[in-house]
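Order-wise, the sequence lines are chains A and B.
Under this note's numbering, the residue at position 103 of the first sequence is numbered 103, and the numbers go up by one with no gaps.
Under this note's numbering, the residue at position 60 of the second sequence is numbered 60, and the numbers go up by one with no gaps.
Keep in mind the hints are simulated off the structure, nothing from the lab.
Wrong hints could be hidden among the right ones.
Unchecked claim - 20 Å max Cα-Cα, derived EDC-like pairs, lysine to aspartate or glutamate:
#1 A:Lys126 to A:Asp98
#2 A:Lys76 to A:Glu110
#3 B:Lys60 to A:Glu179
#4 A:Lys238 to A:Asp219
#5 B:Lys11 to A:Glu191
#6 B:Lys60 to A:Glu194
#7 B:Lys73 to A:Asp178
#8 B:Lys60 to A:Glu180
#9 B:Lys60 to A:Asp219
#10 B:Lys11 to A:Asp271
#11 A:Lys29 to A:Glu179
#12 B:Lys60 to A:Asp178
#13 B:Lys60 to A:Asp215
#14 B:Lys73 to A:Glu179
#15 A:Lys262 to B:Asp15
#16 B:Lys60 to B:Glu14
#17 B:Lys11 to A:Glu194
#18 B:Lys91 to B:Glu64
#19 A:Lys29 to A:Asp178
#20 B:Lys11 to A:Asp274
#21 A:Lys248 to A:Asp271
#22 B:Lys11 to A:Glu192
#23 A:Lys262 to B:Glu14
#24 A:Lys249 to B:Glu14
#25 B:Lys60 to A:Glu216
#26 A:Lys166 to A:Asp178
#27 A:Lys149 to A:Asp66
#28 A:Lys248 to B:Glu14
#29 A:Lys249 to A:Glu283
To be verified - Simulated restraints, written as ranges between beta carbons of each label pair:
#30 A:Lys126 to B:Lys73: 43 to 53 Å
#31 A:Asp161 to B:Leu114: 48 to 58 Å
#32 B:Pro103 to A:Asp26: 49 to 59 Å
#33 A:Asp244 to B:Gln21: 25 to 35 Å
Here the structure is a predicted model, which means the values were calculated and not measured.
Positions of the beta carbon are idealized from the N, C-alpha and C atoms, including for glycine.
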Amino acid sequence: MTSLVSARNVSKNFGSFRAVDDVSFDIEKGRIMGLIGPNGAGKTTLLKAVLGLTDCQGSLSVLGLDPFRQRKELMKNICFIADVAVLPRWIKVSQLLDFLQSVHPNFSRERAEELLAQTHIKKTSKVRELSKGMVTQLHLSIITAIDAKLLVLDEPTIGLDIIFRKEFYGNLLSDYFDEERTIIITTHQVEEIENLLTDVMFINDGRIVLDSPMDELSDRYVELMAGPDSAEQARQFKPIYERDVFGKKVMTFEGVAREQLKGLGDLRTPDIADLFVAKVKGEAA
Amino acid sequence: MTGAGYAMDPKWNEDAPIYRQLRDRVVAMILEGVLTDGDALPSVRNVAAEYRLNPLTVLKGYQELVDEGLVEKKRGRGMFVTDGARVQLLKDERRRFKEKEWPLVAATIERLGLSAEDLLKDVGSSKPSSKSKKGENND
Numbered sequence: 001m002t003s004l005v006s007a008r009n010v011s012k013n014f015g016s017f018r019a020v021d022d023v024s025f026d027i028e029k030g031r032i033m034g035l036i037g038p039n040g041a042g043k044t045t046l047l048k049a050v051l052g053l054t055d056c057q058g059s060l061s062v063l064g065l066d067p068f069r070q071r072k073e074l075m076k077n078i079c080f081i082a083d084v085a086v087l088p089r090w091i092k093v094s095q096l097l098d099f100l101q102s103v104h105p106n107f108s109r110e111r112a113e114e115l116l117a118q119t120h121i122k123k124t125s126k127v128r129e130l131s132k133g134m135v136t137q138l139h140l141s142i143i144t145a146i147d148a149k150l151l152v153l154d155e156p157t158i159g160l161d162i163i164f165r166k167e168f169y170g171n172l173l174s175d176y177f178d179e180e181r182t183i184i185i186t187t188h189q190v191e192e193i194e195n196l197l198t199d200v201m202f203i204n205d206g207r208i209v210l211d212s213p214m215d216e217l218s219d220r221y222v223e224l225m226a227g228p229d230s231a232e233q234a235r236q237f238k239p240i241y242e243r244d245v246f247g248k249k250v251m252t253f254e255g256v257a258r259e260q261l262k263g264l265g266d267l268r269t270p271d272i273a274d275l276f277v278a279k280v281k282g283e284a285a
Numbered sequence: 001m002t003g004a005g006y007a008m009d010p011k012w013n014e015d016a017p018i019y020r021q022l023r024d025r026v027v028a029m030i031l032e033g034v035l036t037d038g039d040a041l042p043s044v045r046n047v048a049a050e051y052r053l054n055p056l057t058v059l060k061g062y063q064e065l066v067d068e069g070l071v072e073k074k075r076g077r078g079m080f081v082t083d084g085a086r087v088q089l090l091k092d093e094r095r096r097f098k099e100k101e102w103p104l105v106a107a108t109i110e111r112l113g114l115s116a117e118d119l120l121k122d123v124g125s126s127k128p129s130s131k132s133k134k135g136e137n138n139d
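Work out the full structure, taking the sequences as your base and the hints as a guide.
Structure representation (structure tokens):
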């Protein structure tokens with residue numbers, strides 16, 4: 001299988017601090033990968049390495065290129081929305097379109113104007129005159145108009161209200177995504193994106209804690225809500241994490257068949273947020 | 001970039017995979033007559049965007065319907081409700097009701113000592129707006 005992104009033993013140090021610690025993974029074409037981790041886990045550093053914005057140890061290949069050494073070539077086929085506003089505040093929307101048209105070989109001005117026509121953004125407005133939600137809309141519109149193979153979104157909806165957030169992901173799926181394109185996305189609002197992911201990767205302290213297709217999570221992980229009488233019996237199957245909810249014990253199991261836990265309480269597949277807590281806190285314990 | 005439709009955001013339950021719930025929803029729409037023979041299903045892309053689901057999940061749900069013969073794929077045009085899908089579904093649902101649900105209902109009726117007459121009378125009077133046929137409700 002040829003991977004769109006392939007990382008082998010990738011590490012990145014800042015002085016004595018190891019931000020990314022010996023990470024290996026693959027991302028295939030047409031996937032939507034969610035990269036989930038607490039603040040300071042190394043998400044942004046890893047994404048920067050993928051984008052060629054920082055060098056790293058180990059081997060990293062993106063679209064068959066070395067991102068750091070072949071960044072110019074790579075930039076034709078990837079695009080990026082960062083968690084910090086990068087559009088210059090003084091620029092007019094029309095100037096931004098002029099600029100992209102002149103520098104980016106895969107930018108379609110026609111498409112961008114089509115997308116912007118569906119918003120309330122005026123072409124004569126300056127970025128500084130737009131609301132935060134509109135700036136994100138503008139950003140997504142121009143990026144959707146770039147015929148890129150890989151889109152990297154680092155906390156794209158941070159600071160946006162719920163209506164803009166929903167609209168953002170709706171537009172991403174209707175206007176941008178198809179099976180030829182691949183998306184890597186990080187966010188703290190996991191529950192909003194978990195149904196649109198095909199794959200999920202947890203990162204903590206610079207290390208990958210979990211890397212799995214979404215539809216395999218239900219085979220590998222199960223959550224049991226056990227009453228006080230069955231809790232002790234359930235513990236024999238060695239839950240990776242346990243928490244209290246309304247006097248009941250909620251236990252997360254990895255690699256334990258559902259049949260074995262039958263009769264001990266209600267079973268369900270943990271959602272991503274709960275699973276993340278279980279993996280990260282469970283490992284620390 | 002419309003904001004329409006968010007009010008009807010579905011609540012997925014955790015017991016069944018989403019593609020399965022999507023399939024059930026389309027089946028309900030066919031049974032209720034919202035979708036009839038030959039109607040187009042909303043495109044995968046639209047459903048994915050509207051509910052913020054991965055397109056593969058939507059496709060998987062639609063594929064179930066194709067496998068069951070309720071929906072057919074027309075190349076380049078999308079998915080359509082198969083002719084006779086509702087009739088087929090009604091047949092299945094009626095059989096399922098008779099085999100699975102009716103025995104339980106019948107047992108309850110017997111336990112409570114209700115007669116067919118009692119029950120049918122109640123069915124009639126609970127629909128006051130329905131046209132009363134000659135010979136019914138004449139007590």
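Outcome of the hint check:
With a C-alpha separation of about 14 Å, the suggested pair lysine 126 of chain A and aspartate 98 of chain A falls inside the 20 Å cut-off, and the hint holds. A threshold of 20 Å between alpha carbons decides the hint, and for lysine 76 of chain A with glutamate 110 of chain A the separation of about 18 Å falls inside it, so the pair holds. Only pairs whose Cα atoms come within 20 Å are accepted, and lysine 60 of chain B paired with glutamate 179 of chain A is accepted, the gap being roughly 14 Å. Taking the CA atoms of lysine 238 of chain A and aspartate 219 of chain A, the gap is about 17 Å. The hint holds against a cut of 20 Å.
Taken as a hint, the lysine 11 of chain B and glutamate 191 of chain A pair is honoured in the structure, with Cα atoms around 13 Å apart against an allowance of 20 Å. Between lysine 60 of chain B and glutamate 194 of chain A the CA atoms are separated by roughly 17 Å; this keeps the pair inside 20 Å, and the hint holds. About 19 Å separates the Cα atoms of lysine 73 of chain B and aspartate 178 of chain A, which keeps this hinted pair within 20 Å; it holds. For the proposed pair lysine 60 of chain B and glutamate 180 of chain A, the alpha carbon gap of about 18 Å is at most 20 Å, so the pair holds.
Taking the CA atoms of lysine 60 of chain B and aspartate 219 of chain A, the gap is about 18 Å. The hint holds against a cut of 20 Å. With a C-alpha separation of about 14 Å, the suggested pair lysine 11 of chain B and aspartate 271 of chain A falls inside the 20 Å cut-off, and the hint holds. With a C-alpha separation of about 7 Å, the suggested pairing of lysine 29 of chain A with glutamate 179 of chain A holds against the 20 Å cut-off. Distance check on the hinted pair: lysine 60 of chain B and aspartate 178 of chain A sit about 16 Å apart at the alpha-carbon level, within 20 Å; holds.
Distance hint between lysine 60 of chain B and aspartate 215 of chain A is fulfilled; the C-alpha atoms sit about 11 Å from each other, no more than 20 Å. For a cut-off of 20 Å, the pair hint linking lysine 73 of chain B to glutamate 179 of chain A stands: about 18 Å separates their Cα positions. Between the alpha carbons of lysine 262 of chain A and aspartate 15 of chain B the distance comes to roughly 15 Å, so the proposed pair stays at or under 20 Å and holds. Taken as a hint, the lysine 60 of chain B and glutamate 14 of chain B pair is honoured in the structure, with Cα atoms around 17 Å apart against an allowance of 20 Å.
For the hint pairing lysine 11 of chain B with glutamate 194 of chain A, the CA-to-CA distance comes to about 14 Å; that is within 20 Å, so the pair holds. For the given pair, lysine 91 of chain B sits about 18 Å from glutamate 64 of chain B by alpha-carbon distance, which is consistent with the 20 Å threshold. Simply put, lysine 29 of chain A and aspartate 178 of chain A have alpha-carbon atoms about 10 Å apart, close enough for the 20 Å limit, and the pair holds. Our distance criterion of 20 Å between C-alpha atoms is met by lysine 11 of chain B and aspartate 274 of chain A, whose separation comes to about 18 Å.
At most 20 Å may separate the alpha-carbon atoms for a hinted pair to count; lysine 248 of chain A and aspartate 271 of chain A meet this at roughly 18 Å. The hinted pair formed by lysine 11 of chain B and glutamate 192 of chain A meets the criterion: a straight-line CA distance of about 13 Å does not exceed 20 Å. Between lysine 262 of chain A and glutamate 14 of chain B the CA atoms are separated by roughly 17 Å; this keeps the pair inside 20 Å, and the hint holds. This hinted pair checks out: lysine 249 of chain A and glutamate 14 of chain B have alpha carbons roughly 18 Å apart, not beyond 20 Å.
A threshold of 20 Å between alpha carbons decides the hint, and for lysine 60 of chain B with glutamate 216 of chain A the separation of about 15 Å falls inside it, so the pair holds. A hinted pair counts as satisfied when its Cα atoms are at most 20 Å apart, and lysine 166 of chain A with aspartate 178 of chain A qualifies at roughly 19 Å. Note on lysine 149 of chain A and aspartate 66 of chain A: the hinted pairing holds, with a Cα-Cα distance of about 16 Å set against a maximum of 20 Å. Between lysine 248 of chain A and glutamate 14 of chain B the alpha-carbon distance is near 19 Å, which keeps this suggested pair within the 20 Å criterion.
Restraint check: the Cα-Cα separation between lysine 249 of chain A and glutamate 283 of chain A comes to about 19 Å, which is no more than 20 Å; the hinted pair holds. As the Cβ distance of lysine 126 of chain A to lysine 73 of chain B is approximately 48 Å, the hint placing it in 43 to 53 Å holds. The supplied range of 48 to 58 Å is met by aspartate 161 of chain A and leucine 114 of chain B, whose beta-carbon atoms lie about 55 Å from each other. Taken as a hint, the range 49 to 59 Å holds for the pair proline 103 of chain B and aspartate 26 of chain A, whose Cβ atoms sit roughly 53 Å apart.
Separation of aspartate 244 of chain A from glutamine 21 of chain B is about 30 Å and conforms to the stated range, judged on CB atoms against 25 to 35 Å.
Consistency note: the structure conflicts with none of the earlier hints.
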